[in-house]
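Fit chain B to the given chain A structure using the hints.
Chains A and B, in that order, are what the protein sequence lines are.
In terms of this note's numbering, the first sequence opens at residue 21 and continues consecutively.
In terms of this note's numbering, the second sequence opens at residue 76 and continues consecutively.
There could be a bad hint or two in this list.
Per the computed footprint, the stretches of chain A lying under chain B, defined by three or more beta-carbons under 8 Å from a beta-carbon of chain B, are [as the list claims (entries may be wrong)]:
#, stretch
1, 189–199
2, 251–257
3, 386–393
Rather than coming from a laboratory, the hints here were simulated on the basis of the structure.
Glycine is no exception: its CB is placed at the ideal position from the N, C-alpha and C atoms.
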Amino acid sequence: MRLSITGALMGAMLLTAAPSLAQDLNSMTPEELYEIAKSEGSVTVFSLSSRIALVEAAFEEKYPGIDVIPVDLNSTRQIARLTAEQRAGVYAVDVLYLSEAPIVMRDLLPAEMVSGYVPPRIRNDMSSAHQEPLLTHRFSSRALMYNEAAYPDGSPITNLWQLTQPEWRSKVLMEDPTQRGEVLDLLTEIALRSDEMAQAYEDMFGEPITVDGDLHGAGEQFIRDLFNNDLVMVNHSSSLRSAVGDKTATDPSVGWTTYSAARDNEREGWALQISQETQPSAGILFPTMLAVAKNAPNPAAARLLIDFMMGDDSPSGGAGFEPFFVQGDYAARRTIEDHPDAVAFEEVNLWTIDPVRTSEARGRILDLIIMLQ
Amino acid sequence: MTEYILRRRSLARLLQSRHFVPLAVVTLVAILVVVPLVRIVLESLTPEGLRAWEAVTLSPLSTNLLWRPIGNTLLLGAGVATGCLLLGGFLAWLVILTDVPGRRFLGILSVLPFMIPSFAAALAWGTLFRNERLGGQPGYFAANGLDIPDWIAWGLMPTLIVLIAHYYSLAYTMIAAALSSVSADLVESAEMAGARRGRILFGIILPVVTPALISGGMLTFAGAVSNFAAPALLGAPVRMQTLSTRIYGMVQTGNIERGYVLALLLIVAAAALLYFSDKLVSGRRAFVTVTGKGSRTKRFSLGKWRWPLFALATGLGLMTTVVPLIVLFSSSMAMQSSGLFSNWTIHYWIGPAGTELAQGQAGIFRNPVLLDAIATTIRLGLTVAAAAMVVGLIIAHTIVRYKGTLLGNVISQLAFLPLFIPSIAMAAAYIAMYGTSFGPIPALYGTFTLLVLAATANLMPYAVQSGRAVLSQISADIEESARLTGAGPIRRMIQIVFPLAIRGVFAGGLLVFIKIVRDLSLVVLLFSSATPLLSMMAFNYASLGFMQFANAITLVILVICLIASLLVHIMQNRIQGWKSA
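The shape of chain A in the complex, shown without the other chains (with noise of 0.2 Å):
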């Protein structure tokens, strides 16, 4: 009974004494966020992975008697709907688990709709590169994935730029990158690579590249020859997924996609494997990041969800983090080992991406895209 006055009290006090109070919810050890949040009673999470249903099936088994309500949204519609939301005076939603960094930094974070939130117990598990502005809470990717099962001898792609021979014509795949940010991330760090795609052109053909007039650079050459070759766009990377992996197919595709797929193999009969041998590289990777929204309703609660989700102190990081622990997903905190299956954070073949420069350079690469579809 005291304990719901004191949620009760808390509750009204934060609607105006916010930011002082933030500062303690800040500091607080998780035990104390869930008293606290016991009294909240539920919280809203707009997350880009459907692996949030099992993150609340182990957070509701901790922490009983408060409810995850989780909202699958893809990182874009995150970012729409927050906006629009907050714009109009709705404040629903306590917890963002999102990508597009670049847009994040750029629109998100200097109009303080999301505030980022740092679990105290965990700051020294991590490089603090990753805990500002925004938490990080893992490393996502766009990979260049084969099929194991047909080339058993190693990914067929050794340079990028086979992508744009005819051999490879109609048989490469890609989510829409006007429709998916995280794509569109991956042919802006092409295009910022100009260097490397240059000197991979020159060590696959044994000339310097020649660029177009109104193109910048090598980058966004390959792009150009990219769709020139009939590159296969597809609206959900499931379609991507199988036409590459599928085990029974003889002469399947190459594609992007998300390194993590990898991990569905068995159940899917798949057989995607990262082309780690691509040179200059096989994609991305980039932050996927937990961030409190603006005037969250359950501000206790959205700190201890996060806190969970950064999973414990052992090797695979518990309940919390275990949905995460598969092949192709890198923890942020480095007390949590890469899965046994996957290649190494520090060996993979993939870009970190810079998010600042990939903002700036978003909108070109964007009508660079239209215009060649």
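What follows is chain B alone, placed relative to chain A:
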């Protein structure tokens, strides 16, 4: 006190004034339609908006951003309208005017396809015809050794077929309603005067149903050009874009001004095309045929063609209803889409959470959000159907009664304006308008009210058209007589117009209900976690790759639509039983 009386008097005078009703209607339509539209235009004139105009119309992007999509869009619209009129007209003629066996059965069969969301039909098409372009698991036919070329599997052709299969029942509904108003007296007198069948068809029946043909063509055209799901699902692999997929893509990636500009251009293009086709066909005046007296419908004898035509109509109906349903149902039970008819599980319907299937998610009927979504969806359907039909009937009545006057023309044009606003653009306009509080207008984003407002505005043309189709056939004599005996406008409405219009009202209400229950392109930007909707859940599952959940929820939508139309069918027969005598 005096002031109060004076005010009451002026109010009363206003109410009785000839211009009160049309003025009130103009205001209503303006608030629902014109103001959001003005808002889009204003948004496109900001510096950001002007840059978008340049990018869309005068830059190297224009070809892919505007010209090719607009070409595809208009091609789809024209193709779908033609196909729907032919198919729907044929079925309506068969069911209403001939002695084909199993007419009631065929009638129900011909309305069914409209209840299947177009994205479900598109998904079903993909499951059957998918070829090796995407690699991976082949479609049903490809797996059975048939070679499916790209033009059948992807792009314009399948989109056209899926949309015709989806929209022809709309044309059917409108043409059938008009045909059932062709009274036996007319046909019999023509027969007695020695007219041949062909002459009766072209001389009597066709002129009477011309308004229905025009509006059927317009509605299917408008539906096709603003449809998002089918071209998105079937066009993407061959990079076919329509304006609606472009608008969606632009809004989704934060280029909302480009979305507005494309939406405005789509409005202009569609409006121009519809305007000229309307001018082309409608030189003639509408015929007043149905009077207050009951009338019978004359049926032609088909002779030896009875059964072949029955078989043809049944075949068409089954191909567009039962086949997609079987595909949807079996894929909601199949663990992998490759084995459509084997290894079934009911997990995706009622299975518990935390298993190996579906990444630990429970079956849909164990998902509390689904139950919530069912309730919200039905509530939305009923509210919008009621609101739209009240608004639609008032507007239709005003249009018919003030025909020829300036106000009447203005109302008529305004009421059909939403046809030219693709749902997605309408939704964006409503967000622009109600996204922030503005003066006395509160921010409605994420509320049920906003969904109802936007949907009512969006579906107003359908409601008005259904109302008008019936009202325009009601003789002015009766209302005239009522007015002479001193009945006020409200009393005339309730006691004369409404009972005569009830069949059309139910048909229109059903149309609106079904359209909103399975709508996607309007709600996709307006729904929120506080207002979960079935179609959004299905679409979200589909885009996350959980086809079983998506298909299961699609079937739930279908069952809701089915029950609604059965109820309406029963009520219609009970109310206007004399028609079938």
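Outcome of the hint check:
1. Using a Cβ-Cβ cut-off of 8 Å, 6 residues of the stretch 189–199 of chain A lie near chain B, which meets the minimum of three, so the contact claim holds.
2. Against chain B, the stretch 251–257 of chain A contributes 6 residues with a C-beta closer than 8 Å to a partner C-beta. That satisfies the three-residue criterion, and the hint holds.
3. Under the rule that three or more residues need a Cβ within less than 8 Å of chain B, the assignment of the stretch 386–393 of chain A holds, with 6 such residues.
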